[in-house]
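Asks: Since the structure of chain A is already known, use the hints to place chain B on it.
If you read the protein sequences in the order shown, they are chains A and B. Heads up: the first sequence begins at 202 in the numbering used here, then just goes up one per residue. Heads up: the second sequence begins at 57 in the numbering used here, then just goes up one per residue.
Calculated Cβ distances over 12 Å to all of chain A for the following chain B residues:
| id | residue |
| --- | --- |
| 1 | Met57 |
| 2 | Ile70 |
| 3 | Arg78 |
| 4 | Lys81 |
| 5 | Asp82 |
| 6 | Asn88 |
| 7 | Val89 |
| 8 | Leu90 |
| 9 | Pro96 |
| 10 | Leu98 |
| 11 | Glu99 |
| 12 | Glu105 |
| 13 | Asp110 |
| 14 | Asp112 |
| 15 | Glu114 |
| 16 | Ala131 |
Straight-line distance between alpha carbons at most 16 Å, and here's what the computed EDC-like set of lysine to aspartate or glutamate pairs gives:
| id | chain 1 | residue 1 | chain 2 | residue 2 |
| --- | --- | --- | --- | --- |
| 17 | A | Lys540 | B | Glu164 |
| 18 | A | Lys357 | A | Glu325 |
| 19 | A | Lys563 | B | Asp159 |
| 20 | A | Lys246 | A | Glu213 |
| 21 | A | Lys563 | B | Glu164 |
| 22 | A | Lys543 | B | Asp154 |
| 23 | A | Lys540 | B | Asp159 |
| 24 | A | Lys543 | B | Asp159 |
| 25 | A | Lys564 | B | Glu164 |
| 26 | B | Lys73 | B | Glu123 |
| 27 | A | Lys275 | A | Asp343 |
Chain A side only, calculated, beta carbon under 7 Å to chain B, not exhaustive:
| id | residue |
| --- | --- |
| 28 | Gly390 |
| 29 | Asn398 |
| 30 | Arg475 |
| 31 | Pro555 |
| 32 | Leu556 |
| 33 | Ser558 |
| 34 | Tyr559 |
None of these hints come from the bench; they were simulated from the model. All C-beta atoms in this analysis are idealised placements derived from N, C-alpha and C, irrespective of residue type, glycine included.
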Amino acid sequence: MSDFEIKKSYDEINRKIKDGRAVVVTADEMPKIVSDEGVKNAFKKVDVVTTGTFGIMCSSGAFINFGHTRPKMKASRVWLNDVEAYAGIAAVDCYIGATQVRENDPLNMVHPGKFTYGGGHVIEDLISGREVKLYATSYGTDCYPLKEFDKTITMKDLRDAFLYNPRNSYQNYNCAVNMSQKTIYTYMGILRPEMGNATYSSAGMLSPLLNDPYYWTIGVGTKIFLGGAVGAVSWQGTQHSPDSTRGDNGIPREGSGTIAVTGNLKEMSHEYIRGASIAGYGCSLMVGLGIPVPIINEEMAYFTGQSDRDIFCQVIDYGSDYPNGEPRRLGEVSYAELKSGKFELMGRTVQTAPLSSYPMAKKIAAAIKDWIVNGFTIGEPQIQFPTVPLKK
Amino acid sequence: MKSKNILLIFNKNIMYKPIIFRLAKDFDVIFNVLEAKIFPKLEGRIILELRGSDDDIEKSIIYLKNEGVTIEVLADRIYRDDDRCVHCGACTSVCRVDALFIDRSTMEVNFYPEKCVACGLCKVACPVNAMSGASIDIES
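Chain A with its partners taken away, still in its complex shape (with noise of 0.2 Å):
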């Protein structure tokens, strides 16, 4: 499966950026030098690529140990602020997801819901150094007898916080419409009758996965920009699937790879964490995220030259199609047209709106081209990803 050659090391790409001579630019800059310059000389010219994304990710949470209480406890059911966090592991552990509601939270009843409060606020707070409610109960053991614990705590009470995320960084995503003849509230945002809008969520060519289209460079223990702290791919995401329909670039056309990502919570900023209520879906977590790509050959500079107009997605219709299961897709759109606020689908003009934010994308990637100039080495995958072969 991996049928690739490294033509530029990782210890040449390492020391280049030890000695400072590394050339690093951000994804969106790419495609001008690969233009301008070919392939060839883009590929001996350029050591790194940086991506980012940040968008609403609901496969994310964080294990948290809150400390040995005295006398001790083997906590079977922990809240955070009222927000229920899973306790099946070990006495003190507890993991707070991102899309678990508050206690009491009226959900849908009056539709759309508002979803004020969840898991991926309580992660906002504890980032943010505020205080939260910890309540935990127990059945009591001979050697965890304390049944009911109540404390009011900030990130620096807990002894571990880190975020882990089963799904992130979708490499690519559909472009969402509704064909119905009612407004409908999805995670996908809120989507007006007969095709009265489009929304999408990828940062496109900035987008990290859609970069290194076979996983090449990216797998597991790649080093990453996660929550504004230095993190790492755990493993292949949940849902991962490499070998969905491509284009002659070899890039996904729909939504194909995922990753699993972890990173310290207590070194994250809240600027790049933020809790998400989306009406009449639910409660989630916005993360920033990003991964340095390094150009090890001159394939990988071709796949990080490739911009917003070489870069497609399905659109789907959310209003019938989406929720009953049919794989229908109504058409494909490039990354540029929905940039352009604008498209053509079935003969109409569609208004589009992006849902993850770009110019956080672009701020993430600047910020990892930073953390290179400053020393910051690439990590080489340990593992690598599933894939399939290079399109030729």
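Replies: Same frame as chain A, but now just chain B:
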């Protein structure tokens, strides 16, 4: 010719009194009803766009206040918390008057409060609760 969007709140004592027709008749102001609602406790709310000279708009607002109507000038009442906004763009899919609008060169979301008609949809669409202020709906 200037344009100003205002929220009018009518309490139950004046709810059925003909008031706004005089804006055109006596103050030479063109009014355009952007939104109107009557709430269960007999409170009426109207969002009006007033078009006319600065002076005429000013006089109209004084007249409405004297009739017992509570007035809120929307441009002064809708806020974006710039520390919370992440420029994702979700609000731009629901804003019908382009008060929230993406600058295509930077992809940042610009906010023009004077264009806002306080429909409140941006508050529903914003995932990070960055928008606040007056709207036709009574706050819960």
